[in-house]
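Q: We have chain A; now place chains D, R and E onto it with these hints.
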Amino acid sequence: MLGPGVVWYLGVAAFLFGIGALGVLVRRNPLIVLLSLEIMLNGANLALIVFSRHVRGGAGQIFALSVMAVAASEVCVGLGLVVALHRRRLALDVDRLSELRG
Amino acid sequence: MTISSVTSLLIWLPIGAALVVWVLPLSRYATGSLAVLVSLVEVGLWIEQAARFDFDAGGLQFSQRASWFSDLHVSYHVGEYGFSLWLVGLTVVAMAASVGYGFWVGRERPRAYFGLQLFLTGATVGVFVAQDLLLFYAFFEAMLIPLYVLVGVWGGAGRLGATIKLLIYTMAGSLFMLAAIVVYGLKEGTFDLVDGPTSASRWLFLGFMLAFLVKAPLFPFHGWLPDAYREAPAEVTAVLSGVIAKAGTYGMLRIAIPTFPEPTSYYRTTVLALAAATLVYGSVLAFRSPDFRGVVAYSSLAQSGLITLGLFSGTGLGYDGAVLQMVAHGLISASLFLIAGAVERRTATGELRLLGGMARGRPALATLLVTVGIIALAVPGSASFAGEFLILAGSYQRAWWWASIGAGAIVLAAMYMLRLISAVLHEARGPAVADEAMDVRPGELALVVPLVACLLALSAWPAGISHHSFAGDAPSGVVQGQFK
Amino acid sequence: MIHAPHVDWFALSTVLALLGASGVALLGAVLVPRPAQRAFAATVAALGFTGGIVASVWLYVASASGHRVVANAFYRDRWTALAQAIVCAVGLATTLLSVEHMPGWSRDADRSRRDDHVAEFFALLLASAAGMAFFVGAANLMTLFLSLEWLSIALYVMCAIDYDREGSLEAGLKYLVVGSFGSATLLFGSALVYGATGSIGFPEIAHAVSARGLSHDVLLVLGLALVIAGLAFKSSAAPFHMWTPDVYQGAPTPVTAFMSSATKVAALVLALRVLATAFPQEARLWTWAFAGIAVASLTIGNLAALVQRDVKRILAYSSISHAGFVLIGLSAGTALGGRALMYYLIPYAAMAFGSFAVVAARERELGVPVTLDTIAGFGWERPFLGVAMWFFLFGLAGLPLTGGFVGKFYVLAAAYDHGWAWLVIVGVLATLVSLYYYLGIVRAMYMRPSDELRVGAAVAGGSPPREALLHVSVGLALAVAVGSLFAVEPLVDLARHAASSLPF
Amino acid sequence: MLAISAGGGLVWAVWAIAAFACLASSVAVVSFANPFYSALALIGNLGSLAVMYLLVSAEFVAAAQVLVYAGAVMVMFLFVIAYVGPRREAPWAGGPSWQTLGAVLAAGALLVEIVVAIGLSAGGRLSRSEHVNATFGSPEWIGRLFLTDHLLAFEITSIVLLVAAVGGVILGSHTRRQDSGAAPQDAEPRRERDLEAVR
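Chains as they are written, first to last, in numbering that gives the first Met the number 0: chain A, 0 to 101; chain D, 0 to 483; chain R, 0 to 503; chain E, 0 to 198.
Heads up, a few of these hints could be off.
[To be verified] Here are the simulated lysine to any residue pairs, SDA-like style, with alpha carbons at most 20 Å apart: (1) LYS186(D) - TRP421(R); (2) LYS164(D) - TYR435(R); (3) LYS164(D) - GLU99(R); (4) LYS186(D) - GLY482(R); (5) LYS186(D) - HIS417(R); (6) LYS186(D) - LEU305(R); (7) LYS186(D) - ILE424(R); (8) LYS164(D) - ALA420(R); (9) LYS164(D) - LEU305(R); (10) LYS186(D) - GLY418(R); (11) LYS164(D) - VAL306(R); (12) LYS164(D) - LEU428(R); (13) LYS164(D) - ASP416(R); (14) LYS186(D) - ALA420(R); (15) LYS186(D) - ALA295(R).
[What the hints assert, rightly or not] Covered stretches of chain R, going by a simulated chain D footprint (3 or more residues, C-beta under 8 Å): (16) 394-405; (17) 408-418; (18) 440-447; (19) 485-494.
Rather than coming from a laboratory, the hints here were simulated on the basis of the structure. Cβ atoms here follow ideal geometry from the backbone N, Cα and C, with glycine treated the same way.
Excised from the complex, chain A in its bound form (with noise of 0.2 Å):
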């Protein structure tokens, strides 16, 4: 493999897939966290690939193909509970929805 290692991508990968956990962690807005969730799949869908052409073997490019289906579908149920919420004329802040909290 001509240019950067394995090393230099899957960097990259843990990189992404720390910023995208931070970005749940302290987040409030939701659609933010659902953002932060596709870079943790991005991070992991990157090292996927990386290892697939590491390994010479398919799975792992498969595996991330099926992960961008996953990743759109936990988008569409997010998005329509985050519409749901906001017609239930919430604040979308989730510290705010302090029902939950016992």
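A: Same frame as chain A, but now just chains D, R and E:
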């Protein structure tokens, strides 16, 4: 019916009846009658069993064994030895009186109440006949569930605190027993009490003993006792102190001492000291107690100490006396608590300073209380005298000072019993005692008199138990031979 | 020329039965007239789950020698089949419970809207159960991840389906966010494992590790840690449990009942499969990891439950602590541990389901959240449900009324057998603490002073609703819970044969 | 075929640009106050990722990434953001609460751990160069794999999408259509509710 299945029948008949009572929408009267009938059938079954029991033969009788789950070698194994036969007898008789009392008093929510009482009967019998550690544990815990509800629902004003204490204390003890059972069973490859080898592990011994010390109870594990005995309904207290507490001392005799001979002798002095402390402490508190139930409750505590003293003296006389005293005291405290219940129903209080002068115009009550009281304070010739004498003789063989502590406690016992009798029956008429408060009714008599009759019979022939508890009348050999 | 792999349809029959029923229910949502939808969809769901049970039992009988099917992507063995049977049975009970209660029991004021999405709900229930049935048989990291998402996405929607209540929507969103976070963690872990070994099939991973001496490989170990964390999220084990109380409380109660029993069964059963099949060389690591997670779950679950007032939250924390108990068995990493796990899950699933079902009945009766105050007197008002709850609670506490007692004994035995006596002590202490809150519910149900007892009836304003099917489902759960105490031997035999599919 | 035909230096340059864009845009996504900008940043992130996919011979995945993600998913996102209205949220306002701090620490620890772990094994196997033939990553190759080795995964993926679609319909269809099955007396309150929902 085969001989062996009688034991199982004694366990499962009342539990089955409990289910019937819970499921079928019977009337109050039908429910109570059914419960009384089943308890009487239990007594009958037990008498039939006792008649066929071979007291000279060693080993387990009326036994039955079926695999429960085989990969850990746990089985459903029940059977009786001489002493367990007597404890089962105590259980069925005391439970019959308790159920009858509940019927006579007319407890609220009869279906739940009688169902729980019957369930308690079955579970308690199970404790005394189980020959598999896990089965024993299951019944040991199962006893607690109906007790919890019986005290918590039908008890006095402070019942919620009492139930929590009762449950947390006893579960704390028995869960460590569960840990000990797991370890013992997996280490030895069997959970069977008859097949199981002895173990030298002190930790396991302590795990078992903790459960038994709480259940018996012994000082300083008795924190649950005063509240529970005061707040429970009278007939439940009767069972609790008369029968359930005996499960603790039974456990020492059946499991802790024979299975762990080395730790037993290692900790013998400690346990004996606890027992002696309990004996003195219980007696003193009984003497100072301001109410009827308190006196009986603390005297039960003292008696647990005495029984433990006999068991851990490690002598044949001690074992014999302990078994006799378990049965005798079971009957005594059951009768006393039922009488306490009768008094409380008439005066709405158990406080001794509000009572007094009840003997006048109430001959039956006076006779009953005096009779039981006299037996309880161990006048020579009574069943408890025989029991205490044997225990003292046994502990004297261990060391003279144990016996002297025991003897001192018997003097205290005389004092608190006499104080009780005089405070209730004699002295000036207490403010809570109305003139129209009736004597004990025939219904109550029918419940207490059989218990007293058993006591009198035991007084006449204590050897009936003390010579018929261990095969060949050789207690030490039987216990050290692990009841093989 | 493409040579499609041979498809063993029989191996997939449970999944297909559930999926087929799901499709029919979905069609019903469109084709069947509204008033008949509830009856139609519930019937289809009941038939689907019954079919699933039949198929999984058949599969159990016919799969004595386990092997992988469809290009090595799915396990056909008894471990799969037994777990599928449990999931289907829970699904059947959930169906019975849901007929009267779902979705939108709280919309009683407007009866026409009570049937909103009822057919879709049953379709999702079936789909999610199908996902679980597939999940427990997943044979490579890809099918594992995908079927995890399959069952989760259906569950997210089911949590939120009572969308007139804010709590329901909020539970759905929270579950989605945390669940996806867990899935992403699992996915990244899978990627690292794939990178380290070059394979995604479980046995191939184990083979690569032993053949290439990778057992200390950093990538592999890190991947394993992330996979474990992802699975712990799904089985709501501490410290990955934060979502559980909120979601269990907010979700419609029948869904909670389903999640707390079926999802947990699926996640834990699969966890042992993955670790035993793909990472046997790492056992020294994951047994410790699970022991740690178990201790954390027991501690956090039990302590946090003590201060709760809401019954659903108490039960949610109880389910965290039970995850801890199961993990004790799992952490043994032995055949005995596998047996203990499978046996434990049978009465546990019944009791967890049953207790939430009883809560559902009370909730419906009063129309308010069930707390220790509003459940007061319930035991006397509804004797059967009260007694059932009593059994479930004492059973969850491990008292010898139900198979929960033997289950607890089994996991402790497995831990000791593995040489971890300290875990036995931890388990015992946790049980002691748990008694307090289980008894708290019993106390509220039966032992409140009589003037407090009338509060419940006053709020209900009349006789309780008729709910024959709910009683049937609670009765089934009760029968399984109590029956498993007596039928230990046959159940353990089933579990033994199932666990023999795993390479111990 | 960029990775194969171009020289090492060029690949490095392309990689560096893509990686930088990728990292920068991911940071942007989680730190923008306005979800609208976050979504746009994510599109940049997806695009730069697609470039990296190309560099490791995953052409089909790169194409799918652009089509599925940037094309479909992000459009969905933007629609919803437009519908809900861009609500601003100051991402780091109010000082670090212990929760935020814990999250940052946890994520940071995870990141460091992963990077260190990868770096540790960098000297070993991972730096080996691997050669693949031209079909690697091509659509035909992917399609063949999907229908042979990963048939079941392919099928499940479709089921997941179906389930999600059903879920989306359920959650999205609050305002119910007037259907013939409903009782007439119910029509009026429902219309009111519909109107309210529209408002």
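Q: For each hint, tell me whether it holds in the structure or not.
A: Hint check:
1. LYS186(D) - TRP421(R): holds (15 Å)
2. LYS164(D) - TYR435(R): holds (10 Å)
3. LYS164(D) - GLU99(R): violated (40 Å)
4. LYS186(D) - GLY482(R): violated (29 Å)
5. LYS186(D) - HIS417(R): Holds. LYS186(D) to HIS417(R) sits at ~12 Å (cutoff 20 Å).
6. LYS186(D) - LEU305(R): violated (35 Å)
7. LYS186(D) - ILE424(R): holds (16 Å)
8. LYS164(D) - ALA420(R): Judged against 20 Å, a Cα distance of about 28 Å means the pair is violated.
9. LYS164(D) - LEU305(R): With Cα atoms ~16 Å apart, LYS164(D) and LEU305(R) stay inside 20 Å; holds.
10. LYS186(D) - GLY418(R): Status holds; Cα separation ~11 Å.
11. LYS164(D) - VAL306(R): It holds: about 18 Å lies between the C-alpha atoms, which stays within 20 Å.
12. LYS164(D) - LEU428(R): holds (16 Å)
13. LYS164(D) - ASP416(R): Outside the cut-off at roughly 33 Å; violated.
14. LYS186(D) - ALA420(R): Holds, at about 11 Å.
15. LYS186(D) - ALA295(R): Violated, at roughly 27 Å.
16. 394-405: holds (count 5)
17. 408-418: That given contact holds, which follows from 6 residues of the stretch 408-418 of chain R lying within Cβ reach (below 8 Å) of chain D.
18. 440-447: holds (count 4)
19. 485-494: holds (count 3)
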